[in-house]
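Asker: Letter by letter, the chains look like this.
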Amino acid sequence: MNLRLLLAHTKVELLTLLRSPGFLIPTMLFPSMFFLMFAAPNLKSSLAANFSTGSFMAFAVFTVTFFQFGVGIANERDNPWSSYVRTLPASPLYRSLGKVLTASILALAAALFLVITAHFSTPLDLPLSRWPRIFLALAGGGLMMGLLGTLLAYLVSPKAALPLANLIYLPLAFMGGMWMPPQLLPQLVQKLSPYLPSRQWMEVVWPAVSGDPWKAQHWLALAGFTVAFALLTVWAQRRDESIRF
Amino acid sequence: MIAEVQNVYKKLGRVQALAGVSLEVNEGELLALLGPNGAGKTTLVSLLVGLRAPDAGRISLGGGDPRQPSSRRILGVTPQNTGFPPALRVHEVIDLARAHYPNPPGTEEILRRFDLADLAKRNVNALSGGQARRLAVALAFSGSPRLAVLDEPTTGLDVESRRALWEQIVRFKREGGTVLLTTHYLEEAEALADRVVVLARGRVLTEGSPDEIKRRVGLRRVRFAAATLPDLSGVKKVEREGDRYTLWTANADALVRELVLSGAEFSDLEVLPVSLEEAFLAVLDGEVSA
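Read top to bottom, the protein sequences are chains Z and A. Per my numbering: the first sequence ends with 258, consecutive numbering throughout. Per my numbering: the second sequence ends with 353, consecutive numbering throughout.
Same shape as in the complex, but just chain Z (with noise of 0.2 Å):
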C-alpha cells in the first residue's frame, strides 16, 4: 500500500466532487432540507427525535453514498480522463480507494450537518454512549448503497444513469421508513418494506439510536444484500469491460 499514491487518488475525488455544486448542494443540503420540513415540525419528544434524526442521518448518508458512486461513476466510464488514469503505474485499486474515502468523508459530513440541523430544531438527546453503535450501522449501510450504486452505473448507459438512479432512490428511502415510521407507511408498502435493502439498514439504525440491542437477522440481510451488489458489480464490471475492450 502507498500512501502517497492513495493521498493523490483521494484528493483529486474530493476536489471533484467539492468543485461540483451539482452534486454538493443537494447531497447535502437536501436531507436537512426534508428533515425541517416534514419531520422536524412533528418531533414533540426525545425519542421521537432521535428515532428521526437516526433515520435521516441514514438518508444523508444514502444520498452520498448512492450517486456518488452510481452517478459519477457510471460518468467516468465512457470518460477517456479514466484511459489515461489506467495507464499510469498503479492498480485501479488506488483510485477505488481514493473513492470510498471521499465517500465516506462527504457522508460523514452530510449525517453530522443532519445533527446539526436536529439538534437546533428538535429535542434532539443521544448519549455519547450510543454513538459508536449509530457510526457502525450508517457505515454499513453505507458500504451497502455505495455498492447498489456502483452495480447501477456499470449496468446502464451513463445518460440513464441520474434518472435511474433518482427512480431507485426515493422510492428505497420511502419504503424502506427513512422519511417516516413504517407504521405510518400505507398498507401495502407497509408488506414489501421489510424486503427491501433500505429497510434492513434502517432496522439496524434504530436499536442503535434508541440503545436497544441489535437483532442479527438484519445485519446478516444487510451482509446479503451487500454481497449479493458486490459480486453483481463485479459481473457488471466484466461484461462491460468485454463489451469496450
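Check each hint, because a few of them may be wrong.
What the hints assert, rightly or not - Simulated coverage check for chain Z against chain A, where a stretch passes if three residues somewhere in it have a Cβ under 8 Å from a Cβ of chain A:
| # | region |
| --- | --- |
| 1 | 16-23 |
| 2 | 88-94 |
| 3 | 99-111 |
Because the hints were derived from the structure by calculation, they are not lab data. Beta carbons are placed, not taken as given, at the ideal position from N, Cα and C, and that holds for glycine.
Dock chain A against the given chain Z, drawing on the hints supplied.
Answerer: This is chain A only, laid out in the frame that chain Z set:
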C-alpha cells in the same frame, strides 16, 4: 529493446483492428507509427500501454506485461485531447501524474518546459486546443519516463505550437529517452523519427527510415493528355481516361524531364500531390509497389 509486439491480433467489436502486427521499439530511438485513420495505430498503442489485452500474440514492455502496473513505471502516456477531468486545475493534474513515479521532475519545471506556468491554476477545461495539447504531452513526461508514448501529439496545432512541442520531444530523446509517437503527418515523422513503421488496415505495411518511407509512399501524380504514352522510368502506377494519363511517381521532376526529352506530343501538364492516405492504400492494394 524497450518494448516488443509479437504477432498481435485484436478485434474491436466486429472490426479486426490488428491482424498480425509485430514491431520492436529500441532503447533511445524515436519510432513513428504512421498510417491513415483506422489503420490500427490507436489500438496498438492501447495494447502497449496496458489498456487492453491482445486476442493473440504477445506484448512486452520493459520485459514485463504492460497490464501489470509495475511494468508501466517506465512509461509516460498522453491522454486524449478531449479527456480531462471536469473540475481540476492544470497543476493538480500534473501532480496526480507525478505521484505515480519514483523520481519525477518538479511540477514547476514541467509547467515551465511546456510553457504552462501562467496557466497552472487554470481549470483544465478552460484551456484552448493548443494549451490542452501541451498539457497532454507534459503529462507524458511528468514521471521522467524511459519510454514516452505520444498518440497524435500535435494533431490540430498551428505550426508554431507544433514546433515548440517537437523541441521538447527532441530534447527528451537527446537526454536518452525513447519515444513512440503516432501521427498521420509524414512531415512530423520526417522531422523527428529515426525509424518509421507504416500501419494500414491492421498490418505493418512497411518500415524504414523517414527518407526511405518518403521515397516509397511520398508519391506525386503527373497528369497530361497525349495520344500515346511514351516509355518512362520511375512510374509506379498508370491511370488512363481517354487520352488523359495520370502517372504516379516518387520523383515528379525527373519524370517530367524525361517526358519532355522523349519528344512525345503532350498537353495540359499538371503535377498533383498524392495524399499519404491514397498512397498507403495504393501500396496496400498492390497497385503500387512499396
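Asker: Determine for every hint whether it applies to the structure shown.
Answerer: Each hint, compared with the structure:
1. Taking a C-beta to C-beta cut-off of 8 Å, the region 16-23 of chain Z contributes 5 residues in contact with chain A, enough for the three needed, and the coverage statement holds.
2. Counting residues of the region 88-94 of chain Z whose C-beta sits closer than 8 Å to any C-beta of chain A gives 3, which meets the bar of three, so the coverage hint holds.
3. Residues of the region 99-111 of chain Z lying with their CB closer than 8 Å to a CB of chain A number 6, which satisfies the three-residue condition for coverage.
When the structure is compared with the earlier hints, no violation turns up for any of them.
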